[in-house]
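Asker: Residue numbers (full-length UniProt numbering): 1 to 331.
Careful, some of the hints might be misleading.
What the hints assert, rightly or not - Distance condition first, Cα-Cα at most 16 Å in a straight line; then the derived EDC-like pairs of lysine to aspartate or glutamate:
1. K103 <-> E131
2. K178 <-> E163
3. K178 <-> E158
4. K103 <-> E123
5. K103 <-> D245
6. K93 <-> E131
7. K178 <-> E161
Because the hints were derived from the structure by calculation, they are not lab data.
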Amino acid sequence: MEIEIISEAKGRRRQPKRAIPSSSATEFQPPQRRTRSRAKEENKAIRAPLTTIGTPPSDSASAITTESTSLADSTPYTTLPNTLTTRLTGLTKPQLALLHRKKAQLQDPSQPSLDLVTATAVEATLVFAQEEAGTAVCISPAGLLLTCSHCVAESPEELAETENKWLLFASGQVVQTKCISWDPKRDLALLQIVAAQPLLVNGTTFPSISPAEHPPAPGAPLLCIGHPGSEDLEVSRPGVKTGYDVLHISTGHLRGYAKGQDLQDNSEIGALKHDCWTYWGHSGAPLVERTTGRLVGLHSSWDDETGMRRGVPLEASSRIDGLRLRKYLRK
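Model the full assembly from the supplied sequences, consistent with the hints where possible.
Answerer: Structural data, given as structure tokens:
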């Protein structure tokens with residue numbers, strides 16, 4: 001498995017800065033999330049960027065839930081063959097080739113020795129098969145995945161065009177998912193596994209980690225497991241490759257929460273602050289408390305002014321789209 005471990009003091013690359021207008025004295029205005037599309041637009045890359053959504057007017061208008069899907073104790077899924085084809089997956093030849101390439105890299109037998117907490121978190125982490133990368137984490141043995149909404153779609157129109165997403169567990173197991181909840185205000189999305197290749201380890205459930213019962217205190221040691229993108233967006237010339245591994249494990253600490261920001265509104269930038277190393281593609285990466293092994297948030301963005309990494313806090317994930325997520329996970 002291609003995994004690289006990076007501490008908070010090593011390997012950090014400062015992303016390019018841009019001017020941020022000063023906040024109003026009476027109303028908190030978070031800085032904008034530095035998305036891949038914004039970086040490409042600034043660097044004048046060849047591909048057109050995705051549309052960046054603005055702050056939704058309300059919870060009811062921003063959250064989309066698939067009506068035909070309900071959270072159940074056990075969700076059946078279709079078993080996929082070990083050999084995938086364009087006809088079966090609906091992917092183009094280049095897209096399928098990329099999926100196979102990521103799978104081969106994840107199944108590379110050379111890997112570092114990991115402690116139990118780290119190994120468990122890595123096993124529950126998934127990478128998006130798409131070119132732009134992105135990360136997710138399994139939070140239920142039945143195959144419920146949590147990620148950032150902008151990893152799935154940047155707008156309701158894009159969401160309607162991409163009903164299913166293909167991802168790979170750290171083991172290399174390929175799964176097909178359906179988005180059952182998309183909440184751009186909180187910058188969270190829930191995906192349900194609807195088809196999967198046979199489990200590569202003994203058992204009948206998917207590897208998962210549980211959300212923490214309570215938010216950690218500032219200074220708590222964290223792990224971040226993410227899938228950095230292959231394209232270097234810190235240079236003006238498009239097509240330059242980063243050479244990063246498929247999965248990176250970085251360590252750091254919780255640095256508290258943005259003063260004055262609503263923890264339920266992460267549409268422009270995450271309210272949680274941390275200093276684990278990240279790159280484009282880490283969006284949706286699990287932030288795990290090292291002492292407990294519990295999920296405390298998802299990495300989502302960073303602040304251009306300070307370089308501080310940002311994430312979606314646990315408080316937002318417990319209330320995504322009004323779903324009683326904790327009650328379901330305790331079943």
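Asker: The structure should be examined with respect to each hint, and the outcome stated for every one.
Answerer: So, going through the hints one by one against the coordinates:
For the suggested pair K103 and E131, the alpha carbons sit about 13 Å apart, so the restraint of at most 16 Å is met. Pair hint K178 plus E163 holds up; C-alpha atoms about 6 Å apart against a cutoff of 16 Å. A distance of roughly 14 Å separates the Cα atoms of K178 and E158; the hinted pair therefore holds under the 16 Å criterion. Distance hint between K103 and E123 is fulfilled; the C-alpha atoms sit about 14 Å from each other, no more than 16 Å.
Straight-line distance between C-alpha atoms of K103 and D245 comes to about 12 Å, which keeps the hinted pair within the 16 Å bound. A distance of roughly 13 Å separates the Cα atoms of K93 and E131; the hinted pair therefore holds under the 16 Å criterion. Note on K178 and E161: the hinted pairing holds, with a Cα-Cα distance of about 12 Å set against a maximum of 16 Å.
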